[in-house]
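S.K.: We have chain A; now place chain B with the ligands onto it with these hints.
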Amino acid sequence: MSMANGPDSPRTAVSNPPVQPMASNLGAGDLIRRSATSDLPPPTRQLTPVAKLIDVSKCIGCKACQSACIEWNDTLPAVGENVGVYENPHDLTENMFTLMRFTEWVNPATDSLEWLIRKDGCMHCADPGCLKACPAPGAIVQYSNGIVDFIHENCIGCGYCVKGCPFNIPRISKADHRSYKCTLCSDRVAVGQGPACAKACPTQAIVFGTKEDMKKHAEGRIADLKSRGYSQAGLYDPPGVGGTHVMYVLHHADKPQIYAGLPENPSISPLVQSWKGVTKYVGMAAMSMLAVGSVIHGVFGRANRVSREEEEEAERLVEQGDETPPHDPRERRP
Amino acid sequence: MSSSAAKPPAKPRLVYAQPGDAVEPGKPVTVSRYGPLARLNHWITAGSLILLAVSGLALFTPSLYFLTELFGGGQNTRALHPWIGVVLFVSFFVFFLQLWRANLPEKVDVVWLSKIKDVVGGHEENLPELGKYNAGQKFIFWGMVALILLLIATGVMIWEQYFATYFGIPLRRVAVLVHSIAAVLIICIFILHVYAAIWTRGTLRAMTRGTVTGGWAWRHHRKWLRELAGLRRAETRKTGPAE
Ligand code: HEM
Ligand code: SF4
Ligand code: SF4
Ligand code: SF4
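Protein sequence lines correspond, in order, to chains A and B. Residue numbering for the first sequence follows the numbering used here, beginning at 34 and increasing consecutively. Residue numbering for the second sequence follows the numbering used here, beginning at 14 and increasing consecutively.
Here chain A stands alone, though its shape is the one from the complex:
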């Protein structure tokens, strides 16, 4: 099956790749947003939106996804140090795009300990704060299938994406000063494959497909959880960022924060909105008006010149002394 006559976006992560080489199905014509670019041409087609669905109730914390991600992206996180917790490494890094976060939570309703495991990583927001904040043209792009991708050769390492992201995801490499995060395996999706992490997951807690299919799949999972006593089970697809292309099924969807601080209602910070909005417009207007005003006044206004008489007054003062002392009580005269 070649991409030319197959579906525009892959429908699953479980199929095996064809053996013959394939052309990339994600190109410049598929961009719907490009950082610091106002004149982006409209996309030449609309790809079917994709999504990764992570069912935390099915995750066993094996970290096969982390290994698959390292393997596929050829990153090499440094060998860590055991500090007595299961997170390994201790945080997302430029070499670790996804991280299992473990929480021991005592459910007040049942008084029983629940071990919550959440696969952290980029959510692929429909309204991405990272892209909004980025000052470098083309360092962050968004495809019409929903994937938000960092184009490292355009990145300048300023860290603005870190401030823009509501999920604390991007990490700046100390080695090459470029920003890194989960790509949603855009390079695999471009050739009809699902993400490496989803493919590796032994319990299929991570599944991949069109966003519509994933929502349907989630419904089934949520119904199952509800039938087993998790009355608050639900889908995490936060509307504050326009929905996301990485979604969670949570057994306690009413309390997302218990899953290692998953934000309850994430949105791009108003500080970032005003930094990237009103500050730019008002700032540019103020600076250019002042500059233009100065030039106009300089060309058409009368300059403030010293007259001949004033030079003579000064000569008299210096040669003959001061006949008219100023009436300043602070001033003492010789």
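Honestly, I wouldn't trust all of these hints.
List time: in silico DSBU-like cross-link candidates among lysine-lysine, alpha-carbon distance up to 35 Å [claimed, not checked]:
# : chain 1 : residue 1 : chain 2 : residue 2
1 : A       : Lys249    : A       : Lys91
2 : A       : Lys248    : A       : Lys259
3 : B       : Lys251    : B       : Lys130
4 : A       : Lys313    : B       : Lys128
5 : B       : Lys40     : B       : Lys251
6 : B       : Lys151    : A       : Lys313
7 : A       : Lys313    : B       : Lys251
Far from chain B by the CB rule (all over 12 Å, computed), these chain A residues [stated by the list, open to error]:
#  : residue
8  : Val89
9  : Leu109
10 : Glu120
11 : Glu137
12 : Ala142
13 : Leu149
14 : Ile205
15 : Thr216
16 : Gln265
17 : Pro272
18 : Gly276
19 : Tyr314
20 : Ser327
Because the hints were derived from the structure by calculation, they are not lab data. Even glycine gets a Cβ: it sits at the ideal position worked out from N, Cα and C.
M.R.: Frame of chain A; chain B with the ligands shown alone:
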């Protein structure tokens, strides 16, 4: 106040004159306003402020991103900007130590400000006599002091390469917003400052040669000129006629 009338002429207590300021008789009179080191430092401050404005604006708005080419690309611009900020901070700090006393506000500044129309109209004859700086210059000085402090503080907070881990993301969001607003304000003040220096003819040579003419000092900073003239007479009286 006048108790020293009977004593030999004492060195006058200087209110406006700063170390190095002096008058030189001649046609026209020459008045030293800034020594060579002060001028060098002022040029460093001015140069770094311009480089900071250009490199900062390149990141401020996509329409000016092309300015990064001047610094050899986006990565270099990002890396250099904060270091130029450190240069600005150090040179301005030296500048501050030299000038803060002469820029303290006085009663006469209020009078001067109340006649701002005459200031803008160039009707110097309606304005009160002033010391080394007028209220406009003082406003620029203190505005720069406040904004540079704000810019270095917020700039360090958003200096990704070295300080990213010391400040939380919510704080860094505040810092980057404050930094960009402060940058806009300091660029506006800078435009005013340069424009005022050009519009007020005879001012720029204080930055190049370090001196102004007596007429310039008479017109704009007469109390300062009187003080320097008095100082010179006191000195020639002490050493003068014998030589
Ligand atoms: C005083 C020390 C200063 C420091 C340490 C500093 C540091 C920084 C840093 C770290 C950034 C982020 C980009 C980068 O990493 O290069 C930045 C951005 C910026 N800086 Fe500075 N800076 C300083 C002074 C100034 C001054 C004096 C100006 C204005 C003349 C200025 C204007 C800007 C602007 C316009 C931006 C871009 C803000 C935006 O993207 O919205 N900075 N500065
Ligand atoms: S670090 Fe790179 S990706 Fe992030 S905002 Fe800066 S230029 Fe954009
Ligand atoms: S989670 Fe953060 S890094 Fe990922 S798309 Fe959203 S804003 Fe960007
Ligand atoms: S989608 Fe790809 S890049 Fe993202 S976490 Fe999974 S394997 Fe890593």
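S.K.: Compare the structure with each hint and give your call.
M.R.: Each hint tested on the structure:
no., hint, in the structure
1, A:Lys249 with A:Lys91, "holds (17 Å)"
2, A:Lys248 with A:Lys259, "holds (16 Å)"
3, B:Lys251 with B:Lys130, "violated (44 Å)"
4, A:Lys313 with B:Lys128, "holds (34 Å)"
5, B:Lys40 with B:Lys251, "holds (25 Å)"
6, B:Lys151 with A:Lys313, "holds (28 Å)"
7, A:Lys313 with B:Lys251, "violated (61 Å)"
8, Val89, "holds (24 Å)"
9, Leu109, "holds (21 Å)"
10, Glu120, "holds (17 Å)"
11, Glu137, "holds (24 Å)"
12, Ala142, "holds (32 Å)"
13, Leu149, "holds (23 Å)"
14, Ile205, "violated (6 Å)"
15, Thr216, "holds (21 Å)"
16, Gln265, "holds (28 Å)"
17, Pro272, "holds (22 Å)"
18, Gly276, "holds (22 Å)"
19, Tyr314, "violated (9 Å)"
20, Ser327, "violated (4 Å)"
Going through the hint list in order, the structure does not satisfy hints 3, 7, 14, 19, 20.
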